[in-house]
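Next come the chains, spelled out residue by residue.
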Amino acid sequence: METTVFAVLVGSTLATALGCMGRDTRETIFFLSLQAATIGLVELLHCLLELVTGLHIEALIDFFITFAEWFSCAVASPLIIYWGMVKTENSAEQPAIGARNTAISLAAMALFYLILGTFSPPLPRKFESVYFSALMFSMSVFLMSTRKDALKILAGLNMAENALYPLIAESPLSLIPFILVLMAFVNVVGVFIVTEAYREYGTVVVTKWKWAR
Amino acid sequence: MEVGAVMYSLLPLLSLIVPFFAGVLCLFTYPFRFLEPFSKRIEKVSLLFGTGLTLVTVLSSVQQVFAGEPLETPILSLRVDLTNAAAVLGVSSIFFITSLYNVKAERGGRLKASLYNFFVMLLLFCMLGLTLSYDLFGIFLFVELTIGASIVLVVHAPGKSPPEAAFKYLIITSISALFVLLGVLMIYISTGTSNLFDIMGRPDSLAGNPRLTFLAAACFVIGFGADIGLVPFHGWVPDVFPASTPAVNSFSCAEPIALVFALYKMLHLLHAILPSPAIVTLAAGTGIVSMVFGALLAYPQRDFMRMIAYCSIDEFGHMVFALSLFTPQSFTAGMMYLVNGALMKSGVLQGLGSVLIARGTSDMDSLGGLVGGMKKTSVGYAICVLSLVGVPPLSGFHAKWLLYNATYEYLLHRAGISASIAALALLACISMVSFVFLVRSFHRIFLGRSLGDQRNVAEVHWTMWLPTAATAAIAVAVGLQPNLLLGLVRPP
Numbered sequence: 009m010e011t012t013v014f015a016v017l018v019g020s021t022l023a024t025a026l027g028c029m030g031r032d033t034r035e036t037i038f039f040l041s042l043q044a045a046t047i048g049l050v051e052l053l054h055c056l057l058e059l060v061t062g063l064h065i066e067a068l069i070d071f072f073i074t075f076a077e078w079f080s081c082a083v084a085s086p087l088i089i090y091w092g093m094v095k096t097e098n099s100a101e102q103p104a105i106g107a108r109n110t111a112i113s114l115a116a117m118a119l120f121y122l123i124l125g126t127f128s129p130p131l132p133r134k135f136e137s138v139y140f141s142a143l144m145f146s147m148s149v150f151l152m153s154t155r156k157d158a159l160k161i162l163a164g165l166n167m168a169e170n171a172l173y174p175l176i177a178e179s180p181l182s183l184i185p186f187i188l189v190l191m192a193f194v195n196v197v198g199v200f201i202v203t204e205a206y207r208e209y210g211t212v213v214v215t216k217w218k219w220a221r
Numbered sequence: 009m010e011v012g013a014v015m016y017s018l019l020p021l022l023s024l025i026v027p028f029f030a031g032v033l034c035l036f037t038y039p040f041r042f043l044e045p046f047s048k049r050i051e052k053v054s055l056l057f058g059t060g061l062t063l064v065t066v067l068s069s070v071q072q073v074f075a076g077e078p079l080e081t082p083i084l085s086l087r088v089d090l091t092n093a094a095a096v097l098g099v100s101s102i103f104f105i106t107s108l109y110n111v112k113a114e115r116g117g118r119l120k121a122s123l124y125n126f127f128v129m130l131l132l133f134c135m136l137g138l139t140l141s142y143d144l145f146g147i148f149l150f151v152e153l154t155i156g157a158s159i160v161l162v163v164h165a166p167g168k169s170p171p172e173a174a175f176k177y178l179i180i181t182s183i184s185a186l187f188v189l190l191g192v193l194m195i196y197i198s199t200g201t202s203n204l205f206d207i208m209g210r211p212d213s214l215a216g217n218p219r220l221t222f223l224a225a226a227c228f229v230i231g232f233g234a235d236i237g238l239v240p241f242h243g244w245v246p247d248v249f250p251a252s253t254p255a256v257n258s259f260s261c262a263e264p265i266a267l268v269f270a271l272y273k274m275l276h277l278l279h280a281i282l283p284s285p286a287i288v289t290l291a292a293g294t295g296i297v298s299m300v301f302g303a304l305l306a307y308p309q310r311d312f313m314r315m316i317a318y319c320s321i322d323e324f325g326h327m328v329f330a331l332s333l334f335t336p337q338s339f340t341a342g343m344m345y346l347v348n349g350a351l352m353k354s355g356v357l358q359g360l361g362s363v364l365i366a367r368g369t370s371d372m373d374s375l376g377g378l379v380g381g382m383k384k385t386s387v388g389y390a391i392c393v394l395s396l397v398g399v400p401p402l403s404g405f406h407a408k409w410l411l412y413n414a415t416y417e418y419l420l421h422r423a424g425i426s427a428s429i430a431a432l433a434l435l436a437c438i439s440m441v442s443f444v445f446l447v448r449s450f451h452r453i454f455l456g457r458s459l460g461d462q463r464n465v466a467e468v469h470w471t472m473w474l475p476t477a478a479t480a481a482i483a484v485a486v487g488l489q490p491n492l493l494l495g496l497v498r499p500p
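Going line by line, the protein sequences match chains A and B. For the first sequence, our numbering begins at 9 and goes up steadily by one. For the second sequence, our numbering begins at 9 and goes up steadily by one.
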């Protein structure tokens, strides 16, 4: 793996871990944005370099689509959740298992994937980022399962989606606009549900919504 | 998967364009407040018109397919042939029948009428897309959009419980959609193509990497399993059924047809490339666990919507189990089970929805003796229930019979006669449990002693009992002449 790619993946993994530790919703949304901005940076810079050196129309299209993807993950999706927070509340809470246990769990996950990556047979070049993706995905699911704030859970869902970014970058470019629209659609639906629940219950804490009576 | 001669046609594309544009047209009045009274006046009719037009388009495709001409729109990898014709017809029929039910059953909610119609038509568009598409990314996009539209329709219902049920549904299914995406990306990156027929044509990269192929299959089972509502990813199902409106519940009966068929397309591809028993065990095992769990948990329910939710898990298990044996007989059995099960469940849910609307409760302990006032609904409900549990001479009997035959044949040649008989005994036990709780539900709701004011309960509007009666008529017709449905099914 190239050093730049490795550094970017480490940075985005760190942002995901910090997102798991975030206290209030605003902080979690910030780390979501940071994670997405970091993870898409390599692809974006790669396209920019191709555009500058090649100066042809395909490179321009590639750059615009990659930029749209990066912008959607790093700016649009966090903004949709932020809008939900403005409509409801910015609740502050610790992870359900406590900050110390969360830190230990995140470190254990990182160690597990490090051992797995070291001792597993080498993967094809296109799949070499898969361990980082799996680690970020696991951390995001962990965030979702240890938080009671619906908007933080939604932010965790977005982090899990962003974790697959290195693999999504391999998909056909013509498809990316559809994926982006779908991501935005899911976020809008999520925020709509949370605001409706907030109107009914006066809180975004899911345990105070009477689950499954 | 068939790669024979096909006819270039725009009909598969038209089957998608019609519901999409009908939905967009419904949305046209949304921004204009002064058009709201007009929109309210035509909302139900426009939905009926949209689903009716889609059914006509689908029927014209199916007619040509039945005459021996598979139709394909190659540029979008859309195709109608005898492997998916029954599924396409089943989805559009359920939507058309339910649109009639919707005329009186839909009583408003969080969404404006135009937006509600748009999402219903979007759901139909996505489900048809799922059954017609033979492109990996196309299937993923339709899955994600199906879930989104379905969640919006759940939250449409008034009251406190829909947002919490919808949120649970959103989180579980969005995570599962990522598994579908992961599986799709694994195959695409390995093969360099997203068309299922092309992948089948150059299987070397997947066949040479069994670990990756099995991992992709596992991703599909987890991803689609959660979207369908299979155990252990079923957490949202018992909450969503009671929280949704009766019309939405009935529309969503078409979902398993599209989702289970999409899962089959993916797994069949992988199994054809790498005929590993591990793929069969994984998918069929999930099916069996869902059957047992669903039937056992449906039995003690007092709320009929929760009962039917667990009963659905049992049905989903049967469908997935049958299709994941990957033999020609099991495909026929699975498709029969899929289409018939979805149709009958929509009839059952329409009957239960009528009771809910007429009585305002879904608690079976506070119901009874409704047969006097709701004769037509009760007869329709009884026929659909009997078909669902496989009582001859109704359509469900043939589905069960084919399933038993396919299971017996499959296990006889691979695991011996003892395993075949043990599997048949298990299937028969599950069917008996289903028979008991479904027939008992009829007894508790419609028979027995009338409680207090229920003596004065009147029959619901004809637009509400007629769809149940139509579904019951299909059960009888297909039961007496199974080739009506079996003629539309040919194994790949």
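No wet-lab data here; the hints were simulated from the structure. A few of these clues could be false.
Cut-off 25 Å, straight-line C-alpha distance, at most; resulting in silico cross-link-like pairs (BS3-like, lysine-lysine) [said to hold, decoys possible]:
| id | chain 1 | residue 1 | chain 2 | residue 2 |
| --- | --- | --- | --- | --- |
| 1 | B | LYS168 | A | LYS216 |
| 2 | A | LYS95 | B | LYS168 |
| 3 | B | LYS383 | A | LYS156 |
| 4 | A | LYS95 | B | LYS120 |
| 5 | B | LYS168 | B | LYS112 |
| 6 | B | LYS112 | A | LYS218 |
| 7 | A | LYS95 | A | LYS216 |
Rough simulated footprint, nothing fancy, chain A against chain B, three-plus residues with beta-carbon under 8 Å [claimed, not checked]:
| id | region |
| --- | --- |
| 8 | 99 to 111 |
| 9 | 157 to 163 |
| 10 | 181 to 192 |
Idealized CB from N, CA, C, for every residue including glycine.
Each hint tested on the structure:
Straight-line distance between C-alpha atoms of B:LYS168 and A:LYS216 comes to about 12 Å, which keeps the hinted pair within the 25 Å bound. For the hint pairing A:LYS95 with B:LYS168, the CA-to-CA distance comes to about 18 Å; that is within 25 Å, so the pair holds. For the suggested pair B:LYS383 and A:LYS156, the alpha carbons sit about 48 Å apart, so the restraint of at most 25 Å is broken. This hinted pair checks out: A:LYS95 and B:LYS120 have alpha carbons roughly 21 Å apart, not beyond 25 Å.
Taking the CA atoms of B:LYS168 and B:LYS112, the gap is near 23 Å; set against the 25 Å cutoff, the hint holds. Note on B:LYS112 and A:LYS218: the hinted pairing is violated, with a Cα-Cα distance of about 30 Å set against a maximum of 25 Å. Of the supplied pair hints, the one linking A:LYS95 and A:LYS216 holds, its CA atoms being roughly 18 Å apart against a limit of 25 Å. A stretch counts as covered by a chain when three or more of its residues have a beta carbon under 8 Å from one of that chain; for the region 99 to 111 of chain B and chain A the count is 0, and the coverage is violated.
Closer than 8 Å: that is the beta-carbon criterion, and the region 157 to 163 of chain B has 3 residues meeting it against chain A, so the requirement of 3 holds. With 5 residues bearing a CB less than 8 Å from a CB of chain A, the region 181 to 192 of chain B meets the requirement of three and the coverage assertion stands.
Checked against the numbered hints above, the structure violates hints 3, 6 and 8; every other hint is satisfied.
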